[in-house]
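**Student:** Listed here are the chains, written in short residue letters.
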Amino acid sequence: MPRLMKSKSKKIGLAPGTLIHIGRKKIENATITAINYNEKKIETKELKEVKEFFKINKKDSTTWLNITGLHETSIIEDIGKAFKIHSLVLEDIMNTDQRPKFEDYDEYLFIVLKILSYDAKTNNVITEQISILLSQEYVITFQENENRIFSPIIEKLNVEKSKLRIYGTDYLAYRLLDIIIDNYFLVLEKIGERIEFFEEELINEGKQDSLKEIYKIKRENILLRKSVWPLREVISKIERTDSEIITTRSNVYLRDLHDHTIQVIDTLETYRDMTTSMIDLHLSNTSNKMNEIMKVLTIIATIFIPLTFIAGVYGMNFNNMPELHMKYGYYATWGIMIFIGGLMVYYFKKKDWI
Amino acid sequence: MPRLMKSKSKKIGLAPGTLIHIGRKKIENATITAINYNEKKIETKELKEVKEFFKINKKDSTTWLNITGLHETSIIEDIGKAFKIHSLVLEDIMNTDQRPKFEDYDEYLFIVLKILSYDAKTNNVITEQISILLSQEYVITFQENENRIFSPIIEKLNVEKSKLRIYGTDYLAYRLLDIIIDNYFLVLEKIGERIEFFEEELINEGKQDSLKEIYKIKRENILLRKSVWPLREVISKIERTDSEIITTRSNVYLRDLHDHTIQVIDTLETYRDMTTSMIDLHLSNTSNKMNEIMKVLTIIATIFIPLTFIAGVYGMNFNNMPELHMKYGYYATWGIMIFIGGLMVYYFKKKDWI
Amino acid sequence: MPRLMKSKSKKIGLAPGTLIHIGRKKIENATITAINYNEKKIETKELKEVKEFFKINKKDSTTWLNITGLHETSIIEDIGKAFKIHSLVLEDIMNTDQRPKFEDYDEYLFIVLKILSYDAKTNNVITEQISILLSQEYVITFQENENRIFSPIIEKLNVEKSKLRIYGTDYLAYRLLDIIIDNYFLVLEKIGERIEFFEEELINEGKQDSLKEIYKIKRENILLRKSVWPLREVISKIERTDSEIITTRSNVYLRDLHDHTIQVIDTLETYRDMTTSMIDLHLSNTSNKMNEIMKVLTIIATIFIPLTFIAGVYGMNFNNMPELHMKYGYYATWGIMIFIGGLMVYYFKKKDWI
Amino acid sequence: MPRLMKSKSKKIGLAPGTLIHIGRKKIENATITAINYNEKKIETKELKEVKEFFKINKKDSTTWLNITGLHETSIIEDIGKAFKIHSLVLEDIMNTDQRPKFEDYDEYLFIVLKILSYDAKTNNVITEQISILLSQEYVITFQENENRIFSPIIEKLNVEKSKLRIYGTDYLAYRLLDIIIDNYFLVLEKIGERIEFFEEELINEGKQDSLKEIYKIKRENILLRKSVWPLREVISKIERTDSEIITTRSNVYLRDLHDHTIQVIDTLETYRDMTTSMIDLHLSNTSNKMNEIMKVLTIIATIFIPLTFIAGVYGMNFNNMPELHMKYGYYATWGIMIFIGGLMVYYFKKKDWI
Amino acid sequence: MPRLMKSKSKKIGLAPGTLIHIGRKKIENATITAINYNEKKIETKELKEVKEFFKINKKDSTTWLNITGLHETSIIEDIGKAFKIHSLVLEDIMNTDQRPKFEDYDEYLFIVLKILSYDAKTNNVITEQISILLSQEYVITFQENENRIFSPIIEKLNVEKSKLRIYGTDYLAYRLLDIIIDNYFLVLEKIGERIEFFEEELINEGKQDSLKEIYKIKRENILLRKSVWPLREVISKIERTDSEIITTRSNVYLRDLHDHTIQVIDTLETYRDMTTSMIDLHLSNTSNKMNEIMKVLTIIATIFIPLTFIAGVYGMNFNNMPELHMKYGYYATWGIMIFIGGLMVYYFKKKDWI
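Protein chains in written order, with the numbering used here: chain A, 66 to 419; chain B, 66 to 419; chain C, 66 to 419; chain D, 66 to 419; chain E, 66 to 419.
Worth flagging that the hints you see were computed from the coordinates, not collected in a lab. Honestly, I wouldn't trust all of these hints.
One copy or any two copies: either way a pair holds, since identical chains are not told apart in the list.
[Claimed, not checked] For lysine-lysine, the following DSSO-like pairs were computed, each having C-alpha atoms within a straight-line distance of at most 27 Å:
(1) 416 - 149
(2) 71 - 124
(3) 415 - 226
(4) 75 - 255
(5) 149 - 221
(6) 226 - 414
(7) 91 - 71
(8) 226 - 106
(9) 71 - 414
(10) 415 - 91
(11) 116 - 149
(12) 116 - 105
(13) 120 - 360
(14) 277 - 116
(15) 116 - 186
(16) 291 - 90
(17) 226 - 149
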């Protein structure tokens, strides 16, 4: 199961802005990819050093710089110097236990989000952090790991006269956010399927240990909420910002994003209510089963214990037991035992236990 | 049971505004019905193409265009071009997993709602999406399936000098909203009846598996909430909009609608509290039953186990057991056994177990 | 038990403002009582028709028109015409499933409330609707049934120079609201007594089926909340209204009313918390009882089952069983059995089970 | 246990401002104590009539009038006339079921609070009401019963040049409020000790009926909340009032009071969470005990029932039972029985039941 | 376990601003450490008296005065006089049961916070109070005990040209707050590890008494919440204050602090949800175990009780029992018994109990 918290111990007591990578190293070598484009042409290049960026970047064009792998402090530092990024921002980029947030630093906007994906093998949700820096000339994205979720955007960028090529950095950023949030729906769909599966199990009283699975889903929901709830605030802040980097043309797109975010949160809340109800159902199933077991025991014991007693009585060795010498004593005893047994069965029938 | 979420996987990575139908196809062929009316005359026509609309539409008249079936992308596209609708709106219309919402696009207003109906056979609530586009000249409604809920409005439209004929598009839209929300009450009534039925069952300790039914009602409530809660916000936004499409004459009607919406939400909340209480009652019933079963077992076992022991003792085969040779030993043993049995019965009476 | 919802099916699809009585008919014939008064004189009259009102009404006087029985559409319609009441208001008056509300229609104010009373026989709370129309000249009240709760006000009205006679319609309306809310306290008192009674039962572990009664109280609370929660909003709106019908002289009275409303809500919330705690206590009682039953069974069974086994052993019929032929074998066996029994008793004592 | 509500039945239907004492009469005769002081001198006197006040009261001095006992309507009425108090205020003073509140009547301020104290004998919290009237010249306090909580203030008043003597009525009122809220902490401390005691009991699985005690604490908390929650609003309103009776010098003191109030509420909320957790722990303890009981029963029964069966088999009286005539049949049977018993014990050991 | 509340009884009735130490004395002798620094030089000194401060303090320099140990009233009083601190502030400093808060006294700002640390031996969270006084020239900190958490800051202060040396008092205060809140993450990490440990235990159904440990974690969370929740408000107030002591340069740092605070609260809420879910899981585990125990008992009892009855029947001593004399009666009886036993086993297999 995913950990509840990432260790921050190595950071305690350091000056703010000190760069330390918090999180697991998920990729061997960090890579820098630069895409420079305008309406007419597009150029993609793997950079070895951050400096190369300035060779590529040209007038009247937009650049998207994508850094994969956050553990190489030198790269992050170089970018910080090259683009004059505040050291607290750089610190946040390297701390992968960040809460989703939006901050306006006048010259650039800073967005932190989580990329969610579903690992079908372990049935776990994988959470990765993405940081987006956005100015009027460039978009810089920082990812923990190679992630193919942006490939549709890269494809689209290569299409001439697509909106992506014509509109500026804010539209590119919107498309990145849009695809990230769309992926949330995929994850929610998978969780929803699992909920429906265990729901079915519960109603048909199938497996016995479904509670542990429901517990895992609930735990996932609790952790997802930490990634998803702040999202609404992030998108709202982007919508309301008076920064010139966000053009008015983007308003309608951001409103759409806002709607999606609320739908994600709504779905998560629905799942929470569902799992809570499922636990109630499970507990009731368990006590129903207990009831059934107890009934079987009670019926058998209650019928046979008195009969065994009667048999015991006539197994006593007293000299003077007249019944033993009666001719039909044995048959009479059987009669009495069958009558008592029948009475018990009748009683249980009346009580609806059989 | 209805699904928790509709699959959105085919949409991931597409540009915003790309038209893809999300949801199940519920009708074979999409149809377009146009009703053009003013105070004096009314004309109803099935359209084959969207273009025909412009032949029908006349000066000084209001047109209601009703599209049934959302899977034919071409129709939605044609309408988009004909009425200059934003591509994001068209996308929302085709995505039947939309959250109820209201958006003001200056030239037209866009409302998404859910039509609820109750399927008496399966005891399920059926949710369909309706989108309403509203300008000063036309009302366009998009439904998933043929639905007879608007027929009273169509009848009324045919009555000369009815308010519907005299007032403009906003009054027609209000009437559509009003009839949609009125249908919510019908659905709530049905759910209320089921709650009352299972409540009765619980109090009289009738059926054993009522919890599963309560669970289903609860599940329905959870899903309904997703359709109903955003409604309040939708109606509030319509009330507060400064769009000229909504005339001041409509204020009092919208206030009425707002009241109804709150009543729907109130009722849903009441149902939620009711079902939660019913689960408590059910759990208590179950443990009461268990108590009763245990009592029966305990009474029988506790009375007969000691007696069986006594009988066992005098069934032993020791040579030297003086009691066996006493003349009234057998009767004395019966006496002791009856006394012990009686004592037990007395004890249980005192404990109020019998 | 009271129904969760009143059927609205007959209303679906009708134009807004269509008058249809929703609710049960509680009185045979509707009656109209008019009281016309000013500082100097007072006149009370049963009206046969609404028109008669205008004969009674005089200059410089206040009139209170009380309609009992809401099923006669004609009377409501006549009043609508006579006093120029909006058709949506008339519709709301006849729909007894209305949510408490306040609306300002400039010329008159419209208040809907619930009258609560307690039926000691069935232990149910009876909810009736009252609508109050208030202008500067008249107060019109619409009740479902003959109700004696206003008789103290009528008495007071007959006292010359009482504030009621001197102050205007807003003071009369305040007094009506005050007496309605005072009756809420009576109902809460009765429910409080029942809660205290069942609390006592629970703590002394009296009755077994107290949970069902607690459930009924909880259900009542849930339904009462629908009548009571909107009240705060209603009174707040009256306080804040800038209508000239409400004089500044009334401010201090409305503040008092506001206080009472909050106290009613507070008490209801307290009851909710109480009943929730009581259910916990009940569940614990049930499992305590189960524990006790199990203990009795376990003690008896655990003591006698091993003893019965020993008796069984010496009841075997093997030829070669030396113990049987020992002189004191029988007594030794008794010794062993008593020792084992004693050991068990000692064990249970140590475990605090006895 | 304290009652949930005080009976208000005798008040229904009376005009607002009618004086009726609601609550239990806690003292035989009401007393009036007047303390008149300024920087230089102080005079304390028991008054027989309210009128005497005006003899005592002098220019340039502050008077504190303390009325103990609220059942004598005449005294309250006299004070009402003497100080021109609104009749609704007088009504509130006599109704000891009042919610804590603050009201500004321009010439005077009106504060209602609860004095809490802890009765160590019955482990109950005793709630008494105190009303404070505050103008620029006098402070009038109305208590239900003789209460020594103000004696430190009276002592301090007798100290020359103490702040109390120098500052005006608002500082005296602040000190009264401060000492009242300080007493809340005492009560919370006692409840906290009881919670800790029963927590200890629960963790060490001491007493069995701790749930009833937790229930009582929870009930107390629920009732206390009614006294404490409105306090925050009361103090906030006093802080924000623009009445000239509250001098700016008092701001810092009121802020301190506000802090204390929030701390009281925080503690109460903590207690609520604690008791809820304790109930969970208790329920788990109960089912653990049940598990243990069941284990003992199961172990004993499961070991001996098969053995008893074997003994029973060889107690049968068939003519043709070869085993009975074998030489070592009896010993072999013992062998088998010990083997089976040992197997069972091994099984339970493996299951960790022993 | 930590106490719920510190005793305040000795404070009741005292004038506001009276200095009394509330809390346990944690250090023998209070110490005063002064650090005076500016860009160029730094001087650290242990003071014997507060007066010495003024000898050390120089123009154009910042002083940090750290007092350890709050029980010596004289020191606090001396500081109060020397720096003209309001007596209510001094009172708050000495009361270690203070709620975290921020107050602006124009000439200085007053911040109260909790320092959290984790005692690995007892698995308890230790809470200590720290008060910070902040003016443009000095920072005064009051701690309960010697605490090494500020040592990284002291080290950094000794580094020439570090931001700490260059920026003023507000930056020093920010760094103090930052390190305090960083320590919260350490504590949360430890609690998170314990939650994960017991989660693992629960899922693998390891220990039996894990609930008590979860209870302790929950209790810790409840108490932590009292320290952590007010933090958000404290930081917000510092961010929004218009005091000149906080320079605009600090805004970005305070925003960072605000983010951290929200993350702490988020994590605490996550833990709360986790523990609640874990209790559900535990309860289900317990009833699953019970079910298993009951199954074993039921299987054994249900198989052998009927067989014992049959054996009992043929152990009866009736003269006339034909079966006893049949040649293969004994074998037939075994046959019947094995058949019945087999039937039972088959039944339990079908029910999935074996």
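**Student:** The structure should be examined with respect to each hint, and the outcome stated for every one.
**Tutor:** Results of checking the hints against the structure:
no.: 1; hint: 416 - 149; in the structure: neither (81 Å within a copy, 65 Å between copies)
no.: 2; hint: 71 - 124; in the structure: neither (42 Å within a copy, 45 Å between copies)
no.: 3; hint: 415 - 226; in the structure: neither (81 Å within a copy, 68 Å between copies)
no.: 4; hint: 75 - 255; in the structure: between (36 Å within a copy, 14 Å between copies)
no.: 5; hint: 149 - 221; in the structure: between (30 Å within a copy, 25 Å between copies)
no.: 6; hint: 226 - 414; in the structure: neither (80 Å within a copy, 69 Å between copies)
no.: 7; hint: 91 - 71; in the structure: within (14 Å within a copy, 33 Å between copies)
no.: 8; hint: 226 - 106; in the structure: within (10 Å within a copy, 48 Å between copies)
no.: 9; hint: 71 - 414; in the structure: neither (60 Å within a copy, 40 Å between copies)
no.: 10; hint: 415 - 91; in the structure: neither (67 Å within a copy, 42 Å between copies)
no.: 11; hint: 116 - 149; in the structure: within (13 Å within a copy, 47 Å between copies)
no.: 12; hint: 116 - 105; in the structure: within (25 Å within a copy, 36 Å between copies)
no.: 13; hint: 120 - 360; in the structure: neither (82 Å within a copy, 76 Å between copies)
no.: 14; hint: 277 - 116; in the structure: neither (52 Å within a copy, 58 Å between copies)
no.: 15; hint: 116 - 186; in the structure: neither (41 Å within a copy, 52 Å between copies)
no.: 16; hint: 291 - 90; in the structure: within (22 Å within a copy, 36 Å between copies)
no.: 17; hint: 226 - 149; in the structure: between (32 Å within a copy, 21 Å between copies)
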